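Student: Letter by letter, the chains look like this.
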Amino acid sequence: EAGVTQFPSHSVIEKGQTVTLRCDPISGHDNLYWYRRVMGKEIKFLLHFVKESKQDESGMPNNRFLAERTGGTYSTLKVQPAELEDSGVYFCASSQGWASTDTQYFGPGTRLTVL
Amino acid sequence: AQKVTQAQTEISVVEKEDVTLDCVYETRDTTYYLFWYKQPPSGELVFLIRRNSFDEQNEISGRYSWNFQKSTSSFNFTITASQVVDSAVYFCALSEANYGGSQGNLIFGKGTKLSVKP
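Chains as they are written, first to last, in the numbering used here: chain V, 243 to 357; chain Z, 431 to 548.
The hints are simulated quantities; they were obtained by calculation from the structure and are not laboratory data.
Just to be clear, a hint being listed does not mean it is correct.
The calculated DSSO-like cross-link candidates involving lysine-lysine, where the alpha carbons are at most 30 Å apart (straight line), are [stated by the list, open to error]: (1) V:Lys296 <-> Z:Lys543; (2) V:Lys320 <-> Z:Lys540; (3) Z:Lys433 <-> V:Lys283; (4) V:Lys293 <-> Z:Lys468; (5) V:Lys320 <-> V:Lys296; (6) Z:Lys500 <-> V:Lys293; (7) V:Lys286 <-> Z:Lys433; (8) Z:Lys500 <-> Z:Lys543; (9) V:Lys320 <-> V:Lys293; (10) Z:Lys468 <-> V:Lys320; (11) Z:Lys547 <-> Z:Lys468; (12) V:Lys286 <-> Z:Lys468; (13) Z:Lys446 <-> V:Lys293; (14) V:Lys296 <-> V:Lys257; (15) Z:Lys547 <-> Z:Lys500; (16) Z:Lys446 <-> Z:Lys468; (17) Z:Lys446 <-> V:Lys320; (18) V:Lys320 <-> V:Lys283; (19) Z:Lys540 <-> Z:Lys468; (20) Z:Lys500 <-> V:Lys283; (21) Z:Lys433 <-> V:Lys320; (22) Z:Lys500 <-> Z:Lys433; (23) V:Lys286 <-> V:Lys257; (24) Z:Lys540 <-> Z:Lys433; (25) Z:Lys500 <-> Z:Lys540; (26) Z:Lys446 <-> Z:Lys547; (27) Z:Lys433 <-> V:Lys296; (28) V:Lys286 <-> Z:Lys446; (29) V:Lys257 <-> Z:Lys540; (30) Z:Lys468 <-> V:Lys296; (31) Z:Lys543 <-> Z:Lys468; (32) Z:Lys540 <-> V:Lys296; (33) V:Lys296 <-> V:Lys283; (34) Z:Lys540 <-> V:Lys286; (35) Z:Lys468 <-> V:Lys283; (36) Z:Lys547 <-> V:Lys283; (37) Z:Lys446 <-> Z:Lys543.
This structure is a prediction, so every number in the text was calculated from the model and none was measured.
Required output: the full structure, derived from the provided sequences and hints.
Tutor: Put into structure tokens, the structure is as follows:
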């Protein structure tokens, strides 16, 4: 069974440009999460989809970030326009259900560098 | 407020040594879940264990063992007879149960980088 995949693995862009990150969850997983780790800091929650609906987006830093999950399969996270402080590693995770016993499985992350 | 503290930023040991990674958490909820994830050099976070707040039994899985103590709000992770392949960053995380028992998002510590030298 394929795990969570993320694309690209690394992106380098200039301040003011737009970048779109993609996450493909494990097949059949309704729940999809985005997290971010800024250099030297903790991994922080961004948002949670249940199928195509945003269940919790309390962690999204500002309106330059837009997440979508059309059709309830893969998800994209767009940053527009990117700022220097957006640099970090963006992780995606998925879980089959939303019960307390469900485990979140993580992808390898996308390392974003904004110059 | 919820918080996870991993006070050890980096640990270096020689192969076959035992090593304990510390994790202290803060939460006001009575129902919560604790996790350990491993991040090898390849980058992905690999799930190791989940423990709920009502189960204080220690767990052993091969060379790995976990000590959960609610009295000290700690969930420490011990690797016995460490191996070079154990070199990774290890993250402790906390999740509080939402209304109805569903899982909340994960709150991570900063991670502990473990280097095991041959």
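Student: A separate judgement is required for each hint: does it hold in the structure or not?
Tutor: Hint check:
| no. | hint | in the structure |
| --- | --- | --- |
| 1 | V:Lys296 <-> Z:Lys543 | violated (33 Å) |
| 2 | V:Lys320 <-> Z:Lys540 | holds (25 Å) |
| 3 | Z:Lys433 <-> V:Lys283 | holds (13 Å) |
| 4 | V:Lys293 <-> Z:Lys468 | holds (27 Å) |
| 5 | V:Lys320 <-> V:Lys296 | holds (15 Å) |
| 6 | Z:Lys500 <-> V:Lys293 | violated (35 Å) |
| 7 | V:Lys286 <-> Z:Lys433 | holds (11 Å) |
| 8 | Z:Lys500 <-> Z:Lys543 | holds (25 Å) |
| 9 | V:Lys320 <-> V:Lys293 | holds (18 Å) |
| 10 | Z:Lys468 <-> V:Lys320 | holds (27 Å) |
| 11 | Z:Lys547 <-> Z:Lys468 | holds (18 Å) |
| 12 | V:Lys286 <-> Z:Lys468 | holds (16 Å) |
| 13 | Z:Lys446 <-> V:Lys293 | violated (45 Å) |
| 14 | V:Lys296 <-> V:Lys257 | holds (28 Å) |
| 15 | Z:Lys547 <-> Z:Lys500 | violated (33 Å) |
| 16 | Z:Lys446 <-> Z:Lys468 | holds (19 Å) |
| 17 | Z:Lys446 <-> V:Lys320 | violated (45 Å) |
| 18 | V:Lys320 <-> V:Lys283 | holds (22 Å) |
| 19 | Z:Lys540 <-> Z:Lys468 | holds (12 Å) |
| 20 | Z:Lys500 <-> V:Lys283 | holds (26 Å) |
| 21 | Z:Lys433 <-> V:Lys320 | holds (28 Å) |
| 22 | Z:Lys500 <-> Z:Lys433 | holds (15 Å) |
| 23 | V:Lys286 <-> V:Lys257 | holds (22 Å) |
| 24 | Z:Lys540 <-> Z:Lys433 | holds (10 Å) |
| 25 | Z:Lys500 <-> Z:Lys540 | holds (21 Å) |
| 26 | Z:Lys446 <-> Z:Lys547 | holds (9 Å) |
| 27 | Z:Lys433 <-> V:Lys296 | holds (24 Å) |
| 28 | V:Lys286 <-> Z:Lys446 | violated (34 Å) |
| 29 | V:Lys257 <-> Z:Lys540 | holds (27 Å) |
| 30 | Z:Lys468 <-> V:Lys296 | holds (28 Å) |
| 31 | Z:Lys543 <-> Z:Lys468 | holds (10 Å) |
| 32 | Z:Lys540 <-> V:Lys296 | holds (27 Å) |
| 33 | V:Lys296 <-> V:Lys283 | holds (25 Å) |
| 34 | Z:Lys540 <-> V:Lys286 | holds (10 Å) |
| 35 | Z:Lys468 <-> V:Lys283 | holds (17 Å) |
| 36 | Z:Lys547 <-> V:Lys283 | holds (26 Å) |
| 37 | Z:Lys446 <-> Z:Lys543 | holds (17 Å) |
The structure is inconsistent with the numbered hints 1, 6, 13, 15, 17, 28, although it conforms to all the rest.
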